[in-house]
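The numbering of the sequence shown is this note's numbering, which starts it at 7 and goes up by one.
Derived from the structure by calculation, the hints contain no laboratory data. These figures come from a predicted structure and were not determined experimentally. Heads up, some of the hints might be wrong.
[Claimed, not checked] Derived CB-CB ranges, DEER-like:
| id | residue 1 | residue 2 | range |
| --- | --- | --- | --- |
| 1 | V100 | R44 | 16 to 22 Å |
| 2 | D116 | P70 | 32 to 38 Å |
| 3 | A128 | N33 | 30 to 36 Å |
| 4 | Q19 | A99 | 36 to 42 Å |
| 5 | D67 | V119 | 35 to 41 Å |
| 6 | D67 | D32 | 14 to 20 Å |
| 7 | S78 | Q19 | 18 to 24 Å |
| 8 | F47 | R73 | 17 to 23 Å |
| 9 | A24 | G48 | 38 to 44 Å |
| 10 | S115 | P34 | 31 to 37 Å |
No residue lacks a Cβ here, since even glycine has one placed at the ideal position from N, Cα and C.
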Amino acid sequence: MSQTASLNRTFSQADFNAFAALSGDDNPIHVDPDFAARTRFGQTVAHGALLCAVLRGLIEDLVPGGRQISQSTQYPAPSPTGVPLRFDAETIAVDNGVSTIRLQVMRLSDMVVTCTGQTEVAS
């Protein structure tokens with residue numbers, strides 16, 4: 007039986023700016039709406055690390071106090087500002103105290119997956 011954790015979140019430009027200030031990643035695609043408007047995305051988009059930070063909170067729900075051993079993520083589509091996102095984590099296997107967890111972020115407006123991956127967490 008798999009365990010799941012999920013939440014919905016919508017990021018504002020202020021969220022992107024705050025994450026950029028904390029992380030030092032001030033790439034204009036994340037923090038400059040005028041610049042981003044001229045890109046193929048048409049607006050600012052979330053940092054991949056910001057999405058992973060939210061997913062890490064869901065991982066903690068599944069394996070409280072767990073030690074993350076590895077994580078692999080891909081970003082097949084953008085996560086724009088102001089667009090509701092669904093974050094999902096699902097335990098797909100447990101072996102010798104190590105949980106393998108599937109990760110996903112999806113735009114709720116069009117059901118497009120914006121982040122997908124997997125992590126291993128030792129309990």
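query = Does the Cβ distance between F47 and R73 fall inside 17 to 23 Å?
reply = violated, 35 Å
ask   = Does the Cβ distance between V100 and R44 fall inside 16 to 22 Å?
value = At roughly 47 Å between Cβ atoms, R44 and V100 fall outside 16 to 22 Å, so the hint is violated.
query = Taking the CB of D116 and the CB of P70, does the distance hold inside 32 to 38 Å?
reply = holds, 33 Å
ask   = Quick one: are D67 and V119 within 35 to 41 Å, going by C-beta?
value = violated, 20 Å
CB-CB spacing for Q19 and S78 relative to the 18 to 24 Å hint = Because 29 Å falls outside the window, the suggested range is violated.
request  = With 14 to 20 Å as the target window, see if D67 and D32 comply at their CB atoms.
outcome  = violated, 30 Å
ask   = Has the hinted range 31 to 37 Å been met by the Cβ atoms of S115 and P34?
value = At 24 Å between Cβs, range violated.
message = Within 30 to 36 Å: is that where the Cβ-Cβ distance between A128 and N33 falls?
response = Roughly 33 Å apart at Cβ, these two residues keep to the hinted range, so it holds.
task = Starting from the range 38 to 44 Å, see whether the pair A24 and G48 falls in it by beta-carbon distance.
result = violated, 22 Å
ask   = Cβ-Cβ distance between Q19 and A99: within 36 to 42 Å?
value = holds, 38 Å
Hint compliance for this structure: hints 1, 5, 6, 7, 8, 9, 10 are not met, and every other hint is.
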